[in-house]
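A.B. asks: So you can see what is in the structure, the chains are spelled out below.
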Amino acid sequence: MRNRFDEQLFELNREIIELGAMCEEAIASAVKALTTGDIELAVSVKKNSGGIDQMERDIEGRCMKLLLHQQPVARDLRLISAALKMITDMERIGDQAEDIAEIVTFLNGHTMEGMELIEEMARATIEMVTKSVDAFVKKDVALAEKVIAKDDIVDDYFSKVKCGIITLIAENHADGEFALDLLMIAKYFERIGDHATNIAEWVIYSVTGTHKEA
Amino acid sequence: MTSKIFKSVLFMTIAVLMASLLIVTGVLYRYFGTVQETQLKDELSLAAEATERLGETYLESLSSDRYRLTWVSSDGEVLFDSHADAAAMENHADREEIKEALVSGTGSSTRRSSTLTEQTIYEATQLDDGSVLRISVSRATAFVLVLGMLQPIAVVLVIAIALSAWLAHGMAKKIVEPLNKLDLEKPMENDAYEELSPLLHRIHAQHKEIEYQMQTLKRKQDEFEQITGNMKEALVLLDHTGRIISINPAAKTLFGTSSSCIGEDFLTIDRKQNMRLALDEANARGHADFRAKKNGREYQFDLSRIDSDGKNHGVVVLAFDITEQVNAEKHRREFTANVSHELKTPLQSIIGSAELMENGIVKSEDVPRFIGHIRKEASRLVFLIDDIIRLSQLDEGTEMPREDVSLKVLSEEVCETLADAAKLKDVSLEVTGDDGVINGVRRLLYEIVYNLCDNAIKYNNPGGHVKVSVAERQGTVQISVSDNGIGIAPEHQDKVFERFYRVDKSHSKQSGGTGLGLSIVKHAVQYHHGKIVVESEPNKGTTITVLFDDRTA
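If you're matching them up, the sequences are chains A and B in order.
The opening position of the first sequence corresponds to residue 0 in numbering that gives the first Met the number 0, with each subsequent residue numbered one higher.
The opening position of the second sequence corresponds to residue 0 in numbering that gives the first Met the number 0, with each subsequent residue numbered one higher.
No wet-lab data here; the hints were simulated from the structure.
Computed from the model, here is a short list of chain B residues facing chain A with C-beta under 10 Å:
{"#": "1", "residue": "Gly-241"}
{"#": "2", "residue": "Arg-242"}
{"#": "3", "residue": "Glu-263"}
{"#": "4", "residue": "Asp-264"}
{"#": "5", "residue": "Leu-266"}
{"#": "6", "residue": "Ile-268"}
{"#": "7", "residue": "Arg-270"}
{"#": "8", "residue": "Gln-272"}
Beta carbons are placed, not taken as given, at the ideal position from N, Cα and C, and that holds for glycine.
Could you build the full structure based on these sequences and the hints that come with them?
C.D. replies: Here's what the structure looks like:
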């Protein structure tokens, strides 16, 4: 019985890693589509987001089944409850990657200065997501704490991008719509950073049993 | 053990106790029976004599509780009974002992009472008048005797149980002690019971077998680890659930992990999409491969499912570093593209000139110029093809005849050949230094010196100089060609040896080179296991030194 439980926990662990990897790929593809103006790639990101949703529901079902059938305690219980919260964040990251990709399809390959800053922001965000998944994979509290610290940097990027966009609108009224799209994208990245922070917090919770106060 | 011994001891005790009880009871009972019978007979004969003499008065005077006397007449009528009223008694003629006495003078019989607890012994004798006097006594049966002895037997049993428990405990302890003391690690060094020696032998043999198998296993494991530890390819073994069973050092570096990942999910060390898809494919179809960049190098990943007896035992992940291969492929592709381009340019030029002349557009006085142009381009093509042939020969790495060559003599020959070209560019040529004899391929060495000098002249300024110096030092020979020409910028210094690489792409036509000269030099030097050192500063000059490690290179 316990063996089967361990097996199921192992499967759960694997599925969370897979979901994390899918999110990483979705956001990486969305960023690539944004920087290269590759609309086809953006469309494929939108298509793949269904897979992330499906995976989230599967993991949710598995967690519920484990909770009901095995009535786990202590560490196992923490892992499962953290998993339930984490997958919600991961699913949100996937959704936001999809939203970014959707904006890219509207941009129609439109680029302009100020993008460099967003690219930097995107890189920082991807790093946060990757590291938060890494922290889960390795159950590494120190790494999770680094991810949480990194959120401030992404937030800084957001205010910088915002200032850039304000000057952009002031100088060039015609590109107002594009500027707003950029602001949306920046906001999505900022949100993704927050979700990565949440994942890192849940990793810390699943390992230490205490949830970091935001 | 103790309880088993206890049980058998107790059983034995009880059995012996019962047997002796039965035997003793039986023997004694019979003995006392005989004694009683004799007594009874004596008593009867006494009573008979007295009765003959005194009659009923004697019988009446005799009041005994021990014996019962009955006087029966010859026809069976009871005349007297000491314990009952004679008149009320039935006729005794059919009693066995009476019948016997009437016939033979004496009779006896034993009858059991209805309750089994008593038996009565009868003795009868015939008096002179024909009547019969009977005496009888009751006694308890053997069963009653035994029943009476139950209490002492119970006491004895309790004692027996206690004794056997104590005995069993002691015995078990004594028997087991040497067994407990057995040193199973060294079974042959024990001197326990002889009966145990087959067991000990067996244990000894099994010990040896296990040890041997362990050694074999360890050796195999060592071999495996040695092989996988020293191989450059990354190797990871996964079980059927995707857990890591074994990972070699190369794989640890590749995936940036440590030994602690053994037993973990493979996804914890690589969760990339291409790896996940490849794992799924390998599990489904038996094999998968893909190429991916990792840590800045190109890797080819091969995944194979391990099947045996139709069961999936896991997956082997093997990764090769194919960076060099990919680079070589890239170079080859570039080379092919470059060659085609370089060959096409002069041909296009030739075709253009020829077409102009064909259509009669060229004035007759210009015809020699055009023909000269065609000739120049054609010879350029020949040079180019020659260079390519030489390069491909060097690429093939075919062995070429070696001989002793003096680099100084060779350099002088080269300078003579290039004297005209140098004069045209107003560049002075000078050869100095030792003989510098090395054992090598003359044609290739000539190629080296020629190309270096040719470049030194070509990329020089009017009035410049080219100095060739040969030096021998402790078994090494070096030749350096230095000029005070335009020099090579640092960022180009590594690349000038690449095929078709030109520092100044727009001037290639002017200088007239093929772009293969230094590439040929590089290969020719490599063929002789030499080294090339470039020292150059833009607008100051270039010194290219070729070092040959030893003369027999």
